[in-house]
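Residue-level listing of the chains:
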Amino acid sequence: MTLTSQPTTERSRPGDHILALRGVGKKFGAIQALTDIELDVHAGEVVAIVGDNGAGKSTLVKILAGVHPPDGGTIEFHGNKVAIASPADSKQLGIATVFQDLALCDNLDVVANLWLGRELTHNASLDEVEMEKRSWTLLRELSAKIPSVRTPIASLSGGQRQTVAIARSLIGEPSVVILDEPTAALGVAQTAEVLNLIERLRERGLGVVLISHNIADVQAVADRVVVLRLGRNNGDFRVADVSSETIIAAITGATDNAVTRRAAHKTASTSIVTEASE
Amino acid sequence: MSDTKSSAADVAQDATASTVATDLQDERLIHNAGAGGAVRAFFTRVRGGDLGTLPVIIGLVVIWAVFQLLNPNFLSSTNLVNLTLQCAAVGTISIGIVLVLLLGEIDLSVGSVSGLGAAILAVTFVQQGWNPIFSILLALAVGVAIGLLYGFLYTRFGVPSFVITLAGLLGFLGLQLWVLGPTGSINIPFDSFLVQFAQQWFLPAWVSYLLIVLFVAVYAWQLVSQARRRTAAGLSAMPAGSIIVRAVVLLLLLGAAAWYLNLTRGVGAMFVFFLALVLIFNYALTRTRWGRAVFAVGGNVEAARRSGIRVNRIYMSVFVLCSTLAIVGGLLAASRLAAANQGSGGGDINLNAIAAAVIGGTSLFGGRGSAFSALLGILVIQSISSGLTLLNLDSSVRYMITGVVLLLAVIVDSLSRRSRRAAGRA
Numbered sequence: 001m002t003l004t005s006q007p008t009t010e011r012s013r014p015g016d017h018i019l020a021l022r023g024v025g026k027k028f029g030a031i032q033a034l035t036d037i038e039l040d041v042h043a044g045e046v047v048a049i050v051g052d053n054g055a056g057k058s059t060l061v062k063i064l065a066g067v068h069p070p071d072g073g074t075i076e077f078h079g080n081k082v083a084i085a086s087p088a089d090s091k092q093l094g095i096a097t098v099f100q101d102l103a104l105c106d107n108l109d110v111v112a113n114l115w116l117g118r119e120l121t122h123n124a125s126l127d128e129v130e131m132e133k134r135s136w137t138l139l140r141e142l143s144a145k146i147p148s149v150r151t152p153i154a155s156l157s158g159g160q161r162q163t164v165a166i167a168r169s170l171i172g173e174p175s176v177v178i179l180d181e182p183t184a185a186l187g188v189a190q191t192a193e194v195l196n197l198i199e200r201l202r203e204r205g206l207g208v209v210l211i212s213h214n215i216a217d218v219q220a221v222a223d224r225v226v227v228l229r230l231g232r233n234n235g236d237f238r239v240a241d242v243s244s245e246t247i248i249a250a251i252t253g254a255t256d257n258a259v260t261r262r263a264a265h266k267t268a269s270t271s272i273v274t275e276a277s278e
Numbered sequence: 001m002s003d004t005k006s007s008a009a010d011v012a013q014d015a016t017a018s019t020v021a022t023d024l025q026d027e028r029l030i031h032n033a034g035a036g037g038a039v040r041a042f043f044t045r046v047r048g049g050d051l052g053t054l055p056v057i058i059g060l061v062v063i064w065a066v067f068q069l070l071n072p073n074f075l076s077s078t079n080l081v082n083l084t085l086q087c088a089a090v091g092t093i094s095i096g097i098v099l100v101l102l103l104g105e106i107d108l109s110v111g112s113v114s115g116l117g118a119a120i121l122a123v124t125f126v127q128q129g130w131n132p133i134f135s136i137l138l139a140l141a142v143g144v145a146i147g148l149l150y151g152f153l154y155t156r157f158g159v160p161s162f163v164i165t166l167a168g169l170l171g172f173l174g175l176q177l178w179v180l181g182p183t184g185s186i187n188i189p190f191d192s193f194l195v196q197f198a199q200q201w202f203l204p205a206w207v208s209y210l211l212i213v214l215f216v217a218v219y220a221w222q223l224v225s226q227a228r229r230r231t232a233a234g235l236s237a238m239p240a241g242s243i244i245v246r247a248v249v250l251l252l253l254l255g256a257a258a259w260y261l262n263l264t265r266g267v268g269a270m271f272v273f274f275l276a277l278v279l280i281f282n283y284a285l286t287r288t289r290w291g292r293a294v295f296a297v298g299g300n301v302e303a304a305r306r307s308g309i310r311v312n313r314i315y316m317s318v319f320v321l322c323s324t325l326a327i328v329g330g331l332l333a334a335s336r337l338a339a340a341n342q343g344s345g346g347g348d349i350n351l352n353a354i355a356a357a358v359i360g361g362t363s364l365f366g367g368r369g370s371a372f373s374a375l376l377g378i379l380v381i382q383s384i385s386s387g388l389t390l391l392n393l394d395s396s397v398r399y400m401i402t403g404v405v406l407l408l409a410v411i412v413d414s415l416s417r418r419s420r421r422a423a424g425r426a
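These protein sequence lines are chains A and B, in that order.
The first sequence maps to residues 1 to 278 in the UniProt record's numbering.
The second sequence maps to residues 1 to 426 in the UniProt record's numbering.
Only chain A is shown next, with the shape it has when bound in the complex (with noise of 0.2 Å):
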């Protein structure tokens, strides 16, 4: 693999803070989704977000994409308070983000897609021409596979348009990227192709934000992980000093959990197997 990327805008430097969260909390009718919430995000730094169905993950996207304000805590973005309440204020803060759905239109070309909502224009219609250029640079950037940016998009593979979903987040030039379960639907090869993405969305000195299900992608790319149980934090671990049965703990609450007894389970009656076969 050759590496061509080289981060064109500097706005932050490797390891300023971007993202604080302090005892951010939400609260859904009688349900409290979220409870003095603390995350921290740097440029240059890869944050997973993991946690079983209903620890508040995708509430705490919501949160920083501005779809639902938060009841109590602060944000603090580049060491300022600021105030995070719709989409738009999330994009002119900087942060993007993809949801899980991708939203992007099966029956328009990846130019149009990539430019969507924001397209050049020169004497007064569309600027094709540099709109074009530019996705070859941004794609070429990313070491991105896209053969054509000129097919629909209906006729990618789910790893080319997660690739396309998250190049587009890029062109608002943001400083945090938040992937919502950029790797649930995909196959080994182009889990692989988003994991190398989201390496060079580091490189460009960016902050990721990577909420998945998958440990074992969280360890492969991750520089931190943040877990959450029941809406509250419950642990925050650098990759690099941390097994996965300490994560697997952490999201299940207890040492002693399925996924254990299963383990255990399993080496039971596999050695009973072998007993019985000798």
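Wrong hints could be hidden among the right ones.
Far from chain A, by Cβ distances over 12 Å, these chain B residues were calculated [to be verified]:
| id | residue |
| --- | --- |
| 1 | Thr53 |
| 2 | Leu70 |
| 3 | Gly129 |
| 4 | Phe152 |
| 5 | Leu166 |
| 6 | Ala167 |
| 7 | Ala205 |
| 8 | Leu254 |
| 9 | Gly266 |
| 10 | Arg336 |
| 11 | Leu391 |
| 12 | Ser395 |
| 13 | Ser414 |
Under 10 Å between C-beta atoms, here's a sample of chain B residues computed to sit facing chain A [what the hints assert, rightly or not]:
| id | residue |
| --- | --- |
| 14 | Asp23 |
| 15 | Leu29 |
| 16 | Gln226 |
| 17 | Leu235 |
| 18 | Thr286 |
| 19 | Phe295 |
| 20 | Ala296 |
Read the hints as simulated data drawn from the structure, not as lab findings.
All C-beta atoms in this analysis are idealised placements derived from N, C-alpha and C, irrespective of residue type, glycine included.
Got chain A; can you put chain B on it based on the hints?
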């Protein structure tokens, strides 16, 4: 499609990168260079279900051949001049239908709205003695108001456009009858500029040729400047030979058509007006941000909304344009008939306008189509109507045949949608 790439291929690709255009570097692309390549690419596209205007052009050729065999007057210059004039009014309405279909919506009330336009024109201009310009402006303003009402009902209450415009079909028919009053039928004076424009004004032969030369020159200049900018940006560009061939073929086709019409009365002003509208809307749909937004909303509303497109405004603008174009069509029809009556905008006008858009290749499912489908579709419908009239067959047969052609067009639309899915072009 393979996603694995050997490092050797990568090296080879980097080595050729400086000579190959940016958009042609991926080794998985099938290259179709030269004239043979262009033909191959065309057949691949058609097999993949991307039919474009092909079915309607084949249909038009078949229809013309059959009617010419049955009645040698069909392709006479006189009849074709009549045909072009008959196309203009319903064709104009059909442009509006193309717009709503692109959003995946429908407007069933265009017939009634066009009749209302005719009634407003006749009553204010003839009975009240207004300046015709004010009559036209009032009719257009009513069209805008109707579109705003539809857009408001659709975006505010989420009522399906099918139901809103079905109510409009009845409501505006009633309004048309009320505006006309007890007279029922009002004749528009023959010497007014409206009737002259619709019936008597034809381009002098030299003007028609001049317009064609200008049009082809602009078209060729656009292709050349686009090719230059693409080359400058390091992208693949259309070769000069291909541009010349296109321009010459277009020049010959349009020139021959104008020459044939000029053998008798020539090219009607009303038909030129309709062609100009088609070109304007083609430009708006393919080359402006508004047009891109229309296609995006028709393809995936949620994606369009999340991209920051103001979806409600797009719906509003399209409903307004559709109703206004229906009014314009009604004014043209009244001018051509030199009268407005209780039957204006009734009968088959409504369904012909919708059928023309679909026959011309605009999908009923939204997000796929072109302003040119209004032109091609209305040519098909009026050819059938004109041919059957020449054969002395009455409207019962005409309705049935038009119905069958519409059904065929919808079947072609559904089938090509299915094969586009299979070929990954949906």
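Evaluated hints:
| no. | hint | verdict |
| --- | --- | --- |
| 1 | Thr53 | 17 Å, holds |
| 2 | Leu70 | 40 Å, holds |
| 3 | Gly129 | 41 Å, holds |
| 4 | Phe152 | 23 Å, holds |
| 5 | Leu166 | 27 Å, holds |
| 6 | Ala167 | 30 Å, holds |
| 7 | Ala205 | 33 Å, holds |
| 8 | Leu254 | 23 Å, holds |
| 9 | Gly266 | 33 Å, holds |
| 10 | Arg336 | 34 Å, holds |
| 11 | Leu391 | 41 Å, holds |
| 12 | Ser395 | 38 Å, holds |
| 13 | Ser414 | 16 Å, holds |
| 14 | Asp23 | 6 Å, holds |
| 15 | Leu29 | 5 Å, holds |
| 16 | Gln226 | 7 Å, holds |
| 17 | Leu235 | 6 Å, holds |
| 18 | Thr286 | 8 Å, holds |
| 19 | Phe295 | 6 Å, holds |
| 20 | Ala296 | 5 Å, holds |
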